[in-house]
Amino acid sequence: MENKRRLFALITPPSVFLLFFFMVPLVIMALYTLKASSFGPLLPFSFTAFENFFSNPSYFVLLLNSSRLALLTAVLSILLAYPVAYYLVFYTGARRVMLLTLLILPAWISYLLRVLAWKVILGSEGLLNQLLIQAGLIQDGAPILLYSQAAVLITLVYVWIPFAALPIFAAMERIDPRLHEAAADLGASPSVTFWRVTFPLTMPGVASAFFFVFIPTLGEWVTPTLVGGVSGIMYGNLIQDQFGRALNWPLGALMSMVLLVLVGVFSYIFNRFIPITEVPVSS
Amino acid sequence: MKLNKIKNVVLLLLAAAVLAACGGSAAAPNTQLIVLEWSGYEEPSYWEPFALQHPEIAPEYSFFGEDAEAFSKAQSGFQFDVVHPCGSWWGLYVEAGLVQPLDVSRLSNFDKLFPTLAEHGQFDGKQYFIPWDWAYESITVRTDLVDEVPDSWADLWDPQYAGQVAIFDSGESTFLTAAYALGYDPYNTTPEQQEAIKQHLIALKPNLLTYWVDYTEINQLLAAGDVAVGANTWNDAWATLADEGYQVEYVNPKEGRISYACGFGISANSTNVDLAYDYINALIDAQSNANMANDFYYGAANMESVPLLDPDLVDVFQFDDPAVLASSNFQHPLTQEQRQMMTTIWNEVKAEQ
Numbered sequence: 000m001e002n003k004r005r006l007f008a009l010i011t012p013p014s015v016f017l018l019f020f021f022m023v024p025l026v027i028m029a030l031y032t033l034k035a036s037s038f039g040p041l042l043p044f045s046f047t048a049f050e051n052f053f054s055n056p057s058y059f060v061l062l063l064n065s066s067r068l069a070l071l072t073a074v075l076s077i078l079l080a081y082p083v084a085y086y087l088v089f090y091t092g093a094r095r096v097m098l099l100t101l102l103i104l105p106a107w108i109s110y111l112l113r114v115l116a117w118k119v120i121l122g123s124e125g126l127l128n129q130l131l132i133q134a135g136l137i138q139d140g141a142p143i144l145l146y147s148q149a150a151v152l153i154t155l156v157y158v159w160i161p162f163a164a165l166p167i168f169a170a171m172e173r174i175d176p177r178l179h180e181a182a183a184d185l186g187a188s189p190s191v192t193f194w195r196v197t198f199p200l201t202m203p204g205v206a207s208a209f210f211f212v213f214i215p216t217l218g219e220w221v222t223p224t225l226v227g228g229v230s231g232i233m234y235g236n237l238i239q240d241q242f243g244r245a246l247n248w249p250l251g252a253l254m255s256m257v258l259l260v261l262v263g264v265f266s267y268i269f270n271r272f273i274p275i276t277e278v279p280v281s282s
Numbered sequence: 000m001k002l003n004k005i006k007n008v009v010l011l012l013l014a015a016a017v018l019a020a021c022g023g024s025a026a027a028p029n030t031q032l033i034v035l036e037w038s039g040y041e042e043p044s045y046w047e048p049f050a051l052q053h054p055e056i057a058p059e060y061s062f063f064g065e066d067a068e069a070f071s072k073a074q075s076g077f078q079f080d081v082v083h084p085c086g087s088w089w090g091l092y093v094e095a096g097l098v099q100p101l102d103v104s105r106l107s108n109f110d111k112l113f114p115t116l117a118e119h120g121q122f123d124g125k126q127y128f129i130p131w132d133w134a135y136e137s138i139t140v141r142t143d144l145v146d147e148v149p150d151s152w153a154d155l156w157d158p159q160y161a162g163q164v165a166i167f168d169s170g171e172s173t174f175l176t177a178a179y180a181l182g183y184d185p186y187n188t189t190p191e192q193q194e195a196i197k198q199h200l201i202a203l204k205p206n207l208l209t210y211w212v213d214y215t216e217i218n219q220l221l222a223a224g225d226v227a228v229g230a231n232t233w234n235d236a237w238a239t240l241a242d243e244g245y246q247v248e249y250v251n252p253k254e255g256r257i258s259y260a261c262g263f264g265i266s267a268n269s270t271n272v273d274l275a276y277d278y279i280n281a282l283i284d285a286q287s288n289a290n291m292a293n294d295f296y297y298g299a300a301n302m303e304s305v306p307l308l309d310p311d312l313v314d315v316f317q318f319d320d321p322a323v324l325a326s327s328n329f330q331h332p333l334t335q336e337q338r339q340m341m342t343t344i345w346n347e348v349k350a351e352q
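Here the protein sequences come in this chain order: A and B.
Note that numbering that gives the first Met the number 0 numbers the first sequence so that position 10 is 9, with each residue one more than the last.
Note that numbering that gives the first Met the number 0 numbers the second sequence so that position 225 is 224, with each residue one more than the last.
No lab work stands behind these hints: they were computed from the structure.
It is possible that some hints are incorrect.
A short list of chain B residues far from chain A (calculated; beta carbon distances all over 10 Å) [to be verified]:
1. 77
2. 248
3. 313
Here are the computed lysine-lysine pairs in the DSBU-like style, where the Cα-Cα straight-line distance is at most 35 Å [claimed, not checked]:
4. 253(B) <-> 197(B)
5. 204(B) <-> 34(A)
6. 72(B) <-> 118(A)
7. 125(B) <-> 34(A)
Being a predicted model, the structure only gives us computed values, none of them experimental.
For each residue, glycine too, the CB sits at the ideal point set by N, CA and C.
Build out the structure end to end from the sequences listed, making use of the hints.
Have a look at this one:
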């Protein structure tokens with residue numbers, strides 16, 4: 000009884016907060032999809048936003064492109080973060096906390112500033128171009144990388160590597176070192192040990208890293224605005240436009256809802272078809 | 000006993016707070032002025048006569064970065080006294096009943112305004128907005144980076160500028176640009192013409208490096224040489240770059256530059272109408288208006304401001320010749336449907352990949 004009461008006291012404040020500041024706004028947002036215009040009454044319902052959205056295939060093409068970009072960002076971030084986490088956990092001993100802090104350190108600087116820094120690096124008078132010109136590889140300073148989908152990808156991967164490394168790091172740290180000894184005793188080579196023992200045990204970390212990166216990237220709009228140019232635009236940019244310049248909140252709400260559903264579908268597929276094996280470990 | 004005492008103290012404090020709050024709101028009318036304004040225009044030299052007249056009052060500013068933001072703020076019930084939207088949005092404020100008809104006899108400087116500009120602030124024969132600043136949207140070119148300087152809006156589509164153009168990220172501006180390039184009247188288009196405009200804007204994409212969102216961005220793009228052609232840029236792009244010694248030209252396209260004016264209206268719910276009139280009258284004072292225009296390289300609505308403007312700029316932008324407003328493509332107020340149509344087209348263009 001006492002326990003129940005304590006639990007109740009503990010979960011009530013966050014639940015109330017989530018209810019009023021997350022669930023209620025979400026429902027309001029859903030209702031906005033049925034409004035005739037940004038302002039004015041909710042009733043009578045109007046399906047203009049739905050007609051607009053579903054009659055226009057270019058929105059879906061963009062959504063598909065953005066999903067592909069988010070997927071690529073997540074996979075690349077994990078590929079780059081995995082060895083970093085591996086090195087930190089197994090080779091740095093007591094210095095690992097300090098090194099981990101160093102890895103996270105750039106994330107303490109404003110996100111906007113870090114993205115803008117890439118503009119300085121990739122721009123026509125930027126560091127990369129200067130380097131290539133000095134090396135005699137290119138002649139004039141055309142912005143070869145900035146304002147493209149590649150620029151968006153590079154910037155996003157850079158931004159997300161530390162966040163992808165964290166859950167992988169945590170998963171690796173939990174691995175009992177005696178498992179490696181046991182594997183070695185049983186005659187497994189280091190690579191067999193990695194693929195049969197370490198890697199499966201880090202899968203839950205990899206999975207959370209994937210969602211950590213994939214979901215926010217799918218709705219991203221700041222990075223494409225700054226470095227994406229015409230070809231690097233993402234679905235999130237159009238949502239932002241609907242709520243800003245276009246003043247078409249119903250369509251913006253609908254586009255957000257479609258994104259939400261899509262994220263749900265992706266999560267379901269991921270959990271359903273990519274089994275995250277929890278290898279039972281007895282101590 | 001002790002607990003009760005604390006309770007009493009708390010109650011007393013609460014009561015005091017409530018009283019203080021009531022006192023504050025009861026004294027509110029005519030002691031404060033809330034201005035919904037673009038950031039940058041709060042500069043005291045733009046309304047000095049108001050400060051002399053009402054030394055005890057400091058206008059309070061609520062800033063916005065684009066017209067859509069200001070309109071949705073006003074529409075959502077934000078309490079303001081004075082608002083400063085641009086001409087193509089004026090109609091929406093009037094339509095939504097957010098601003099009140101003005102008694103121009105209360106503005107001693109009103110008669111000094113260019114009549115052509117003042118007329119744009121009238122709806123149903125009543126004056127709702129008082130113009131203050133006016134400017135162009137045209138093409139700024141880095142002449143050292145192109146073989147040929149474009150001389151029309153249609154030239155933006157010329158393949159020689161492939162990847163060298165940045166255009167203003169605005170449904171309204173891009174729609175106007177494509178319409179003029181195709182020879183349509185943008186304020187009176189058929190659905191077929193709208194489709195043609197959309198296809199034409201999609202066809203512009205190979206020439207575009209990026210869309211620009213704010214003026215500092217396009218100025219940087221042009222200065223860095225990332226783009227050579229800045230489409231739908233304002234006066235300041237040319238003036239800033241020329242000041243810094245870049246070789247730039249502000250094109251006068253065959254189809255005519257786009258021009259626009261912005262100005263002030265008074266909220267339908269204002270409780271400080273007297274102050275609002277005094278504030279607007281101070282803004283359109285010849286010297287105040289010139290101070291603003293010189294800082295931003297804009298035109299001034301007050302005819303008597305012209306001699307106070309930078310003569311070089313008057314020359315380049317024909318600030319002394321109100322006929323230029325008639326001969327250029329002055330931005331009309333848009334209805335909600337027109338704006339929706341234009342922004343929808345632009346979003347579809349951007350989504351196309």
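The hints, checked one at a time:
1. 77: 13 Å, holds
2. 248: Correct as stated: the minimum Cβ-Cβ distance to chain A is 21 Å, above 10 Å.
3. 313: Correct as stated: the minimum Cβ-Cβ distance to chain A is 32 Å, above 10 Å.
4. 253(B) <-> 197(B): 22 Å, holds
5. 204(B) <-> 34(A): Roughly 33 Å between the alpha carbons, so the hint for residue 204(B) and residue 34(A) holds.
6. 72(B) <-> 118(A): The given pair, whose Cα atoms are some 32 Å apart, holds under the 35 Å limit.
7. 125(B) <-> 34(A): 32 Å, holds
Checked against the numbered hints given earlier, this structure breaks none of them.
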